[in-house]
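Here are the chains, one letter per residue:
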Amino acid sequence: MSTFVQILLRSLESGSVYALAALGIIVIYRTSNITNFAQGVVGMFNTYVVTFLVIKAGFPLWMAILGGVGTAILMGFTIDFLVIRHTKKVSPVAKQIITLGLIMVILGLAPLFFGVDPLNLPRLFNEGNLTLLGANISFNGLFNIVFGFVLMFVLFYILQNTKVGLAVRTTASNEYTARLMGVPTKTVTLGAWALAGVLGVLSGVMIAPTTSVNLNLMDVVQVNALIACVLGGFQTFYGPILGAYIIGVSRNLLIYYVSSVWGGQILYVLILIFLIFRPYGLIGKKVVKKV
Amino acid sequence: MNKVKTQLDFKALIKNPYLQFILFGLVLSTLPLLSAQFSFIKSGYITTVGVALIYAIAALGLNLLLGWSGLISLGTAGFMGLASYISAYLTVDMGLPFEVALIAAILVPTFIGILVGLVSLKIEGLYLAIATLAVSEILRKTFEEFDQFTGAFSGKSAKFPQLFGMIQLDRASTYWLIVFILVIVMLITYNLVNGQIGRALNAMRGSEAAAQAMGVNLLKYRLVAFALATIFASVAGVLYVHFIRYSYPSSWTLKLSLDFLAMIVIGGLRSIYGTVLGAFIVFAVPDLFLKQIPYFSQLSYTLNGVLIILVIMYYPNGIVMIFKDIRRLVLKWIKKGDRKDVK
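Protein chains in written order, with this note's numbering: chain A, 1 to 291; chain B, 1 to 343.
Mixed in with the good hints there might be a few duds.
If you want the footprint, here are the derived chain B segments under chain A, 3+ residues with CB under 8 angstroms [what the hints assert, rightly or not]:
no.	segment
1	125-133
2	254-260
3	308-314
Straight line, CA to CA, 16 angstroms or less: simulated EDC-like cross-link-like pairs of lysine to aspartate or glutamate [stated by the list, open to error]:
no.	chain 1	residue 1	chain 2	residue 2
4	A	56	A	117
5	B	141	A	219
6	A	286	B	124
7	A	285	B	124
No lab work stands behind these hints, which were simulated from the structure alone.
Since the structure is predicted, the reported quantities are computational estimates derived from the model, not experimental observations.
Even glycine gets a Cβ: it sits at the ideal position worked out from N, Cα and C.
Hey, can you work out the whole structure from these sequences and the hints?
Spelled out as structure tokens, the structure:
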């Protein structure tokens, strides 16, 4: 039992990371109609900023994180302002390639700013353990889980109950009509890219202490977040988050109880089989095609 | 009179697409000779151009899938990687001849590709793209874990191919082999898309319901499209491992699949030369040109990203269109000149 709880807690931690990244992807997808393959790389770059502020400039971690959030917002604004705004007429497939261009730009710039050596980011809480039903979890891990939940709760509250949220939902459902109704869709898209950047850096800071900060920091997160979006369905904001937690939990359970070598692959195969029976994900509805 | 006729024949000959492909191949195959002759063409360029051509082969397969059939796949890297490992394992560890390894390395990934084709009947669009990404990730994780077969993180090595068990190739002649196979793949693609299969795929892309009403069997042609794309990717994988002589799990990531997508989108969907051009822009331009610009050698990768974004912003239908635009501009310019003469 205690092992099970232990695995569950660990999984919720990695699930939070995937969920934040998946939320970033889905926010961009719903407002700009772009599958953001650069979500992970943007997060990686800003995590580097945080690490640099801690190691080289000697900032305390929380201030460094605020700095990273700042650069993430700036980066989101820049991407939308310089590129995304001018791609209204580009075909949907070509739009996906734009984020590949962004990946190349950021991957090329990162070593120039931060060097090629991997860096280490300390944890927010270095000490302290909580014992829960015989399972141990560090305060830092607990903070990550709680923080992920709280952040998502706040975001969904804003999305469902405020004017800003209404503007986002209108833009997501039909951008053209939203513009006719006086919704400032350009500002919404700008905000979405900034929000995705912030979610990226937060997920990066969460996962960085478990490995080292390097160029491939977010690769696994990116792939899992994309698969979470498919598992949950692209049509809702909460589907991908559900998908992310399911992937986080079932992946660790499969790795521990079934096979440490093949656990990850088995999970993907199961997801593929699931998709054959529900092609639009857990929450998604079937899109009716007109002939 | 006689002279005019031969001229016309010559023009028709030049316009013949098959000859154009062969001519294109001949031009490409001069590279090793040129690099031996002129010092400013470094011999390292053979590797760069060779790999770009290998990528072009895989990208042509993806173009059949995305351009002609409208099915998007992010699994190309995984299939290419699988073929490279199979070929390396069969030639190095089992000591089998290159040709046998080539056939085996095509058959196994193609079988998986056909399975994905079956899945594609149920899943569509973005969902299909990410489902194929999942397939690719399953393969990549297997490369990392299954170390007696793949050598895990330390990679798997292979040798330059040995044809028919007696002709041992070196780097230049492997490059020629790549050009030869590329030309054949281009010819096959040209014939396929201008034949019955191409028409069926085109109809399927336009409207599935209409295609079915016209008697196009969706299952059959989706499987054909996926099988062809996987075969081309596998051939590319085999050539890659025998040209670079190494295969690492870190080569076959999502990034490479996105690169293939970029190649065909940038070059131009449904354009055979565009695909090759796209492969050059995505893969060879940083090495061949951007690194030569003073002060910018560090930024070559970034500049390439900027280039890709600019091409998509201004040439969303592919860089192939740039030639049409240039031609139009020139024609306009000539016309203007004519008018001035009249005045």
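Against the structure, the hints:
1. 125-133: Answer holds; 6 residues pass the 8 angstroms Cβ test.
2. 254-260: holds (count 4)
3. 308-314: n = 4 at 8 angstroms, threshold three: holds.
4. A/56 with A/117: holds (14 angstroms)
5. B/141 with A/219: Status holds; Cα separation ~13 angstroms.
6. A/286 with B/124: holds (11 angstroms)
7. A/285 with B/124: Satisfied, since the Cα-Cα distance of roughly 13 angstroms is no more than 16 angstroms.
Violated hints are absent here; each numbered hint is respected by the structure.
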